[in-house]
Amino acid sequence: VRLFGLNSWAILAPQVLMALATAAVLNSAVRRRFGPVAGLIAVGVFALTPVAALMFRFNNPDALLALLMTVTVWCVLRALERGRTTWLLWAGAAVGLAFLTKTLQAFLILPPLAVLYAVCAPVPVRKRIGQLALSALTMVVAGGWWVAIVELMPSSSRPYVGGSQNNSFLELTFGYNGLGRINGEETGSVGGGGGRGGGGGWGETGIGRMFNSEVGGQIAWLLPAALILLVAGLWLTRKAARTDAARAAFLAWGGALVMTAAVFSFMAGIFHQYYTVALAPYIAALVAMGVTVLWEERGAWWPRAVLAGTVLATALWAYVLLGRTPDYLPWLRWAVLVGGIAGALGLLVVGRVGGRGLVLAVVGLSCAASLAGPTAYTVSTLNSGHQGSIVTAGPSAGGFGMGGGPGGGGGRPGGPGGGDGGQRGGMQQPPGQGQGQGQ
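Under this note's numbering, read the sequence shown as residues 750 to 1188, first letter to last.
Possibly wrong hints are sitting among the right ones.
Calculated lysine to any residue pairs in the SDA-like style (CA-CA distance at most 25 angstroms, straight line) [said to hold, decoys possible]:
#: 1; residue 1: Lys988; residue 2: Trp1083
#: 2; residue 1: Lys988; residue 2: Val874
#: 3; residue 1: Lys988; residue 2: Pro871
#: 4; residue 1: Lys876; residue 2: Ala863
#: 5; residue 1: Lys876; residue 2: Leu838
#: 6; residue 1: Lys876; residue 2: Phe856
#: 7; residue 1: Lys988; residue 2: Gly1004
If you're looking for bench data, these hints aren't it; they were derived computationally from the structure.
Quick caveat: nothing in here was measured; it's all calculated off a predicted structure.
Whenever a hint applies, use it, and build me the whole structure from the sequences.
Encoded structure:
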């Protein structure tokens, strides 16, 4: 903005660059072990995820968070190859920067990645522990310098920490932006959330949240496929050595996906659909890796059966999701369903009969049936303007209003006071001094 002035190009160009960087890192991470085709599949799935198409062209920190989380997984996988400390330090630095981007959400993938390295790294146990400790120290330095400056500076000499109750970034981090997001008791928040299995200002919580009518069309098109292929990949590598790179990749991306999706599903506090952009790289990687390893084993019946079942399940799920917007391309859901059934049947026999032409036809039909739904929603997203702080992808997507911040008057999503506290609480004024606007 300083260089080019305050305009849409100057604000959104960095978001586009983040999308390109995320795609590049994702491609590098996947193709390193699974080949160039797998890397291209991962990038394609990521690019066609509706919520990714939305958030990487919108002024919001979630895009940067998704990039840094992808970098973190990539660095951990590189560290696992030879047990090199340098890559683990870079992973710690990425998490630290992610903390500055959106506080505690950056730590969601730490448990599975730390356990993975502690168990699977090709170095002695004592060295693994030391490396993890150094990585943690790097994370604290990368993410703590700004916190230290804010906390050590006299409160009268710095701006008020929006969203906090006592002008403390630490209180904001562990309160409103921390436990408050989990239990729904955000002091000074913009509205309450529903408890487990119940409704509320932030939607129903529970295992089905990622698939419901509010969230499903944003991220879940290939989520069932990713979970199926995660299990299949782990089964195929079950007899591999402790340090096997392929199994480590499935565990890293799968652990990140399951942990993040689980927290999103059960958090009772502030939750918006666009948070799920964090899942897009994980889903893309798992789909690409799973399809690749199963295709390599297609000579056996069960990999073909799993591929066929995955395509069929994806098509059926797309049929359901497209049915939630019946006025948008009403013919597409039937085309996806028929194509998915035909593709699944073709995959059952493609490894044993037919020439190259039949193989290409079956693969093309299966890909089209699996990706037509999210592609349609992504195109709709790209063709729509989005305003406000709370946006959604797909048909009828758009802003729900600017929303109130943590100090706002108890609004709900879509209402005059709805908003998201986000990192550093947005623009909130000190208590009693008016309404703010969160991110």
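Original post:
Do the alpha carbons of Lys876 and Phe856 lie within 25 angstroms of each other, as the hint requires?
Top reply: Answer holds: Lys876 to Phe856 is near 23 angstroms, not above 25 angstroms.
Original post:
Does the alpha-carbon distance linking Lys876 and Leu838 stay inside the 25 angstroms limit?
Top reply: It holds: about 14 angstroms lies between the C-alpha atoms, which stays within 25 angstroms.
Original post:
Does the structure keep Lys876 and Ala863 at a Cα separation of 25 angstroms or less?
Top reply: Given that 25 angstroms is the threshold and the Cα spacing comes to 14 angstroms, the pair holds.
Original post:
Does the alpha-carbon distance linking Lys988 and Gly1004 stay inside the 25 angstroms limit?
Top reply: At roughly 19 angstroms apart (the allowed maximum being 25 angstroms), Gly1004 and Lys988 satisfy the hint.
Original post:
Is the hinted pair Lys988 and Pro871 satisfied, with a Cα-Cα distance of at most 25 angstroms?
Top reply: holds (17 angstroms)
Original post:
Is it true that the CA of Lys988 sits at most 25 angstroms from the CA of Val874?
Top reply: holds (21 angstroms)
Subject >> Pair hint Lys988 and Trp1083, alpha-carbon separation not exceeding 25 angstroms >> reply: violated (41 angstroms)
In summary, the structure is inconsistent with hint 1 from the numbered list given earlier, while agreeing with all the others.
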